[in-house]
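Required output: the full structure, derived from the provided sequences and hints.
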Amino acid sequence: MADLKKQIIEQLNLQEVTPESISNDEPLFKEGLGLDSIDALELIVLLQQHYNIRIANPEQGPEIFYSIRSMAEFIVAQQTAKA
Amino acid sequence: MNSAEAYITGSCIIRHHGIWLNGALLWEADRSMELQEWLRAGYDRFSGQYPKFHKMDALSKLGWLAAEVLLKHAPVQALSPETVGMVLSNRSGSLDTDIRYYATVKDIASPALFVYTLPNIVMGEICIRHGFKGENIFFVSENFDAELMSSYPAQLLATTPLQACLCGWVEVMGDDYEVALFLLEQTPRGMAQRATAGALNELYKMSK
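As given, the protein sequences belong to chains G and F, one line each in that order. Residue numbers in the first sequence follow my numbering, run continuously in steps of one, and reach 83 at the last position. Residue numbers in the second sequence follow my numbering, run continuously in steps of one, and reach 208 at the last position.
Accuracy of the hints is not assured; some may be wrong.
Covered stretches of chain G, as calculated for chain F (at least 3 residues, CB under 8 Å) [said to hold, decoys possible]:
1) 15-28
2) 40-52
To give an idea of the interface, some chain F residues facing chain G are shown, with a C-beta separation under 8 Å as derived from the structure [unchecked claim]:
3) Pro51
4) His54
5) Lys55
6) Ala74
7) Ile108
8) Ala112
9) Leu118
Here are the simulated SDA-like pairs of lysine to any residue, each with C-alpha atoms no more than 20 Å apart in a straight line [as the list claims (entries may be wrong)]:
10) F:Lys106 <-> G:Lys30
11) G:Lys30 <-> F:Pro111
12) F:Lys72 <-> F:Arg129
13) F:Lys52 <-> G:Ile9
14) F:Lys52 <-> G:Gln11
15) F:Lys208 <-> F:Ala78
By construction, these hints were calculated from the structure, which means they are not laboratory data. Quantities reported herein were computed from a predicted structural model and do not represent experimental measurements. Built from N, CA and C at the ideal position, the CB exists for glycine as well.
Structure representation (structure tokens):
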């Protein structure tokens, strides 16, 4: 999850945020990091660029991008399914 | 059109890595700095606590920073949001960002860059920051047009509910940039002068 936090900071240009300040379980949107809809699109790009994962069902978005932990679990599940 | 009813109550010029407020040099940084590096330094000096700044393109950062400096001590915040408008212009539109966005398209198009591929986004960023909801328009012209920037806002102030109008020039293309932002108001205050083309031109050329 530490790597994922660094990737998010770089992808979303969160210059005043450190990986240590991001909670694993806090919501990424509205509260927590306070991300917006454009950030959500950038997170989709991040999954494609870093993990070669495409989200087949957009309705899964809120669940996948709820927190760092939910994103990490989704990535691991996708990689396991591909292996 | 007639500019008799509008007054220039503030100006902010940004060029050569320096910021001039109401004609006086406020801050100047090493000219060898990259533009983005200089913008970050300006943000740290005059604002901070607004993380969205880092996501903006250079055009929006320049306009946002100029508005931040210009409006710091201006009483426009006391006006109702619908009475503060904006008339901006530049030479290159959003071409600087359009080119950067186009470079991402061959890989994965960047949503964060795409949202800045219109020049009027800089006005949106300023409006969000300061809560302005008045009429606004963005012109593209070869050079700073003092006649247009005096007459058009004056007309808005005379014929619409606007009581204050930010106007001027916000240009960036690669390493070349220039901002000349003016606050025009219906009511004179402080060292206000009538918003004529000559007065705007004089302020614009002051730090050239």
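Results of checking the hints against the structure:
Judged by the Cβ-Cβ criterion of 8 Å, the segment 15-28 of chain G is covered by chain F as claimed, because 3 of its residues qualify and three suffice. Given a C-beta distance limit of less than 8 Å, the hint that chain F covers the segment 40-52 of chain G holds, as 5 residues qualify and 3 suffice. Because the smallest distance between the Cβ of proline 51 of chain F and any Cβ of chain G comes to about 5 Å, under 8 Å, the interface hint for this residue holds. Because the beta carbon of histidine 54 of chain F sits about 4 Å from the nearest beta carbon in chain G, less than 8 Å, this interface hint is met.
Look at lysine 55 of chain F: its Cβ gets to within about 5 Å of chain G, closer than 8 Å, so that hint holds up. Using the Cβ-Cβ criterion of 8 Å, the hint placing alanine 74 of chain F at the interface with chain G is not satisfied: the shortest such distance is roughly 26 Å. Evaluation of the isoleucine 108 of chain F hint against chain G yields a held restraint, the C-beta minimum of about 5 Å falling below 8 Å. Given hint, alanine 112 of chain F at the interface with chain G, holds; its Cβ is 5 Å from that chain's nearest Cβ, closer than 8 Å.
With a cut of 8 Å, the hint placing leucine 118 of chain F at the interface with chain G is violated, because the nearest CB-to-CB distance is about 14 Å. Of the pairs offered as hints, the one joining lysine 106 of chain F and lysine 30 of chain G is violated, with about 32 Å between alpha carbons and a cut-off of 20 Å exceeded. With a CA separation close to 19 Å, the supplied pair lysine 30 of chain G and proline 111 of chain F stays within the 20 Å bound. Only pairs whose Cα atoms come within 20 Å are accepted, and lysine 72 of chain F paired with arginine 129 of chain F is accepted, the gap being roughly 12 Å.
Distance check on the hinted pair: lysine 52 of chain F and isoleucine 9 of chain G sit about 13 Å apart at the alpha-carbon level, within 20 Å; holds. For the suggested pair lysine 52 of chain F and glutamine 11 of chain G, the alpha carbons sit about 14 Å apart, so the restraint of at most 20 Å is met. For the proposed pair lysine 208 of chain F and alanine 78 of chain F, the alpha carbon gap of about 33 Å is over 20 Å, so the pair is violated.
Comparing the model with each numbered hint stated earlier shows that hints 6, 9, 10, 15 do not hold.
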